[in-house]
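Student: Residue numbers (my numbering), protein chains in the order written: chain A, 1 to 358; chain B, 1 to 358.
Read the hints as simulated data drawn from the structure, not as lab findings.
Glycine residues also receive a C-beta, built at the ideal position from the N, C-alpha and C atoms.
A couple of the hints might just be wrong.
What the hints assert, rightly or not - Stretch by stretch, here's where chain A covers chain B in the computed footprint (C-beta under 8 Å, at least three residues):
id, stretch
1, 5–18
2, 76–83
3, 135–149
4, 322–332
Unchecked claim - One side of the interface only, derived from the structure: several residues of chain A facing chain B at Cβ under 10 Å:
id, residue
5, Gln30
6, Leu32
7, Arg35
8, Pro59
9, Arg60
10, Ala80
11, Ala88
12, Thr115
13, Thr141
14, Pro146
15, Phe155
16, Gln323
Said to hold, decoys possible - Part of the chain B face toward chain A, derived, beta carbon under 8 Å:
id, residue
17, Thr115
18, Arg317
19, Ile318
20, Phe348
2 protein chains.
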Amino acid sequence: MEILRVELGNRSYPILIGQGLLGERALFEQHLPARDLLVVSNTVVAPLYLGQLESSLRPRRVLTTILPDGESHKTLANVARVLDVLVANRFGRDCAVVALGGGVVGDMAGFAAATYQRGVAFVQVPTTLLAQVDSSVGGKTGVNHPGGKNLIGAFHQPVAVVADTRTLATLPPRELRAGLAEVIKYGLICDAGFFAWLEANIEALMAGDGTALAHVIRRSCEIKSAIVGRDEREQGDRALLNLGHTFGHAIESATRYTEWLHGEAVGAGLVMAARMSCESGLLASEELERVIRLVARTGLPTHVANVGPEAALEHMRIDKKVQAGRIRLVLLRGIGTAFVTADYAEAFLRRTLAAHLG
Amino acid sequence: MEILRVELGNRSYPILIGQGLLGERALFEQHLPARDLLVVSNTVVAPLYLGQLESSLRPRRVLTTILPDGESHKTLANVARVLDVLVANRFGRDCAVVALGGGVVGDMAGFAAATYQRGVAFVQVPTTLLAQVDSSVGGKTGVNHPGGKNLIGAFHQPVAVVADTRTLATLPPRELRAGLAEVIKYGLICDAGFFAWLEANIEALMAGDGTALAHVIRRSCEIKSAIVGRDEREQGDRALLNLGHTFGHAIESATRYTEWLHGEAVGAGLVMAARMSCESGLLASEELERVIRLVARTGLPTHVANVGPEAALEHMRIDKKVQAGRIRLVLLRGIGTAFVTADYAEAFLRRTLAAHLG
C-alpha cells in the first residue's frame with residue numbers, strides 16, 4: 001500500500017492506494033472513527049463491491065443507499081434522497097458517509113455529507129480510474145443543474161481516500177479510457193516527462209497492466225494533492241486542473257450528460273485547449289499533434305459530431321469559469337506548461353470550436 | 001452608524017448598525033463589489049423595503065426572488081428556486097446574493113449562496129430584531145427537513161451585515177418579542193449585567209424605544225461575533241449559543257413550524273433550560289424565577305400546551321446536538337454562566353419537559 005497526504009492543515013487527509021484495500025477492515029477502523037455509516041453507491045458498483053466493503057465496516061451500524069448510475073442522475077433530487085435516509089435513520093453529526101463508486105457517486109455522497117447537519121465526515125472509496133486519479137481527491141462535491149455542469153455544490157474534504165486498484169479489473173474499457181483523459185491532463189499541465197511516459201505506455205495502460213496503472217494513479221494523486229494543498233478553493237493554481245474542462249463541460253451539457261462520459265468529453269476538451277493554444281501562437285504545431293495523437297490512441301474522441309460550435313459556446317458562457325462576463329480558459333505554452341487566461345481573441349475560440357465540433 | 005467586526009482571518013466582515021442604512025448607496029458600493037446581484041426577500045418584507053434597497057444597489061444589475069414568508073417555507077425546494085434564478089440569468093462566480101428579511105430569508109439566501117458554484121458572496125440585510133441580533137451574524141445557513149430543524153445547511157460567512165434599525169418600526173409586536181428571546185439568551189449565557197439591564201428596560205424595548213433597541217442590537221452582536229470569532233464551526237464555545245434551542249427546535253418541529261415563531265419557541269426553551277439546570281441542582285430557584293419572569297414579561301410562552309413531553313423528546317433525539325446517541329444540552333450554573341453537557345439524569349429532563357409542555 002502507498003500513502004500520500006493532502007496537506008490542508010487540520011483538514012489534511014491520506015490517500016491510500018493498493019491492491020485489495022476494500023477487504024482491509026483495520027484500515028477502515030483506523031481512518032474512519034464514526035459508528036454510524038451510510039454507504040452511497042450505484043446500481044452497477046454495489047453488486048460487485050458493496051458486500052466486501054460492508055463486511056470491512058462491520059460490526060458498526062452500516063446502512064446503504066443505491067443511486068442510479070450515470071452523470072445524468074447527478075442531481076439535487078438524488079442528493080435529497082441521501083439526506084432523507086440520514087434523517088430517517090437519525091444519524092447524528094458524528095456519523096460518516098462513504099462513497100463507493102465513480103465520480104458521480106463521490107460528488108453526490110460528498111455533497112450530502114457537506115450539507116447534512118452543516119457537514120459530517122465522509123470517505124471516498126473510488127472504484128473507477130477517473131475517480132482514483134482525480135475526482136475523489138480535493139474536496140469538490142456537487143451536482144449538475146439542467147443549466148450547467150456542477151453548478152451546485154460545496155468544497156468539503158474527505159477524511160480519507162481509499163483507492164483499491166483491484167476494482168479496476170472490472171472496469172469497462174470505455175471507463176478506463178475516460179479516466180486516462182484526466183491522467184493525460186496532468187502531464188499536459190505540469191509534467192512533460194509524465195506525458196512522454198504515457199506516450200510510451202498507453203497500450204499497457206489500456207490493456208489494464210497493474211504496474212502501469214499503479215504508477216499513473218500515484219503520480220496523478222501526487223500532482224493533484226500538491227495543487228490542492230496550495231490552493232484548496234481554486235483562487236489560483238487549482239484552476240489549471242480545469243484544462244480541457246470548460247470545453248468538456250459544454251459537450252456534456254449540450255448532450256444532457258447522456259452521450260459522453262465526463263472523461264471522454266475532457267479528452268476532446270484537451271484537444272480543443274491544445275488547438276486553441278496553437279491557434280493563439282502559444283503551442284508549437286508538433287506539440288498539438290502529439291496531444292491529438294495520444295488522445296486518439298487512448299480511444300478518446302478528438303472530434304465531437306453531435307454538438308455544434310454555437311451550442312457549445314452558449315454552454316461555455318454559463319460555466320463556473322466565467323468572470324466579469326469573460327470565459328476563462330486554461331491554455332498551454334507547451335506540453336507540461338499550462339496557464340489561465342481570459343485574454344484571447346474570440347476568433348481563435350470560434351475557429352477551435354469549428355475544428356472539433358459539429 | 002456603528003461598526004463591529006467578526007474576526008475570521010480572510011473571512012472577516014463588518015456588521016454595520018444604524019438608522020436608515022438601507023438608503024445609503026455608498027455603503028453598499030463599499031462593502032459589496034459584485035456587479036450582478038440577486039436580492040432574495042419575502043412577500044411581507046419586499047413591499048416595504050425592496051424598492052429602497054434596489055435603488056441603493058443600482059446602477060448595477062439587480063434581480064429579485066420573492067419567497068413565501070414563514071419558517072414552514074424554509075425548504076430545500078425554495079433554495080432550489082433561488083438557484084434556478086441564478087442559473088437562468090447566467091450569474092457568474094463573481095455575483096452576490098443579498099438577503100433582505102428575517103432569519104428564514106437569510107438562512108435560505110445564504111445556503112443558496114453557499115452552494116451556487118460552490119460558494120458566492122452574500123450580504124445580510126436583516127429586517128427583524130431576531131435577524132439583527134442573531135441569525136444574520138455567524139454564517140450558519142440552511143433549511144429545515146420534515147424530520148428536523150436546520151438539518152441541511154452549510155457554514156458560509158456573509159461579506160457584510162447591514163442592520164438598518166429603522167426597519168424595526170414596521171415589525172409586528174409578536175416578531176419583536178421573538179427577537180428579544182435571543183437577546184435574553186445572550187444575557188443568560190455570558191453577561192449577568194446585561195440580563196439585569198434587560199430586566200430594567202424590557203418595557204421600553206417592547207414599546208420599540210430606538211435607543212434601547214440600538215443598545216441590545218450592539219451588545220448582542222458584540223457577544224455573538226466574539227464567540228463566532230473564537231469558534232466558527234461550533235467545535236466548542238459556539239454551542240453555548242444553542243441555550244434553549246434544543247428544546248425550542250423540538251417545539252418547532254413537533255408543530256411543523258406553523259404554530260410558533262422560532263423566537264417564541266426559544267423563549268420557552270430558555271425557561272426549560274433554566275428549569276433543567278435548577279432540577280439538576282445547578283441553578284438557584286430564585287434565578288430560575290428571574291428567568292421565568294423576564295420571559296413572561298416579554299410576552300413569550302413559558303408553557304407550550306400543544307406539544308406533549310414524549311413528542312418533544314422524540315424530536316430532540318434527531319437534533320444536531322446529539323452525539324454518540326446522547327442529547328447534548330446547554331445548562332446554566334447561574335445567570336450569565338452557561339455550559340454544554342451530555343452528563344445529566346434523564347429523569348430531570350423528563351421532569352422539565354413535563355413541567356412546561358402538554
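Student: Evaluate each hint against the coordinates.
Tutor: Status of each hint after checking the structure:
1. 5–18: violated (count 0)
2. 76–83: holds (count 3)
3. 135–149: Holds: 6 residues of the stretch 135–149 of chain B have a Cβ under 8 Å from chain A.
4. 322–332: As far as the stretch 322–332 of chain B goes, the hint holds, because 4 residues have Cβ atoms under 8 Å from chain A.
5. Gln30: 19 Å, violated
6. Leu32: At about 15 Å, which exceeds the 10 Å cut-off, the nearest Cβ of chain B leaves the hint on Leu32 (chain A) violated.
7. Arg35: The hint holds - Arg35 (chain A) has a Cβ within 10 Å of chain B, the shortest such distance being about 7 Å.
8. Pro59: 16 Å, violated
9. Arg60: The hint is violated - Arg60 (chain A) has no Cβ within 10 Å of chain B, the shortest such distance being about 13 Å.
10. Ala80: Holds, about 6 Å.
11. Ala88: 7 Å, holds
12. Thr115: 5 Å, holds
13. Thr141: OK, holds: Thr141 (chain A) within 10 Å of chain B, min 8 Å.
14. Pro146: 8 Å, holds
15. Phe155: Constraint on Phe155 (chain A) satisfied, holds at 6 Å.
16. Gln323: This interface hint holds because 5 Å falls under the 10 Å limit.
17. Thr115: 5 Å, holds
18. Arg317: 6 Å, holds
19. Ile318: 5 Å, holds
20. Phe348: With Cβ-Cβ at 22 Å, over 8 Å, it is violated.
The structure is inconsistent with the numbered hints 1, 5, 6, 8, 9 and 20, although it conforms to all the rest.
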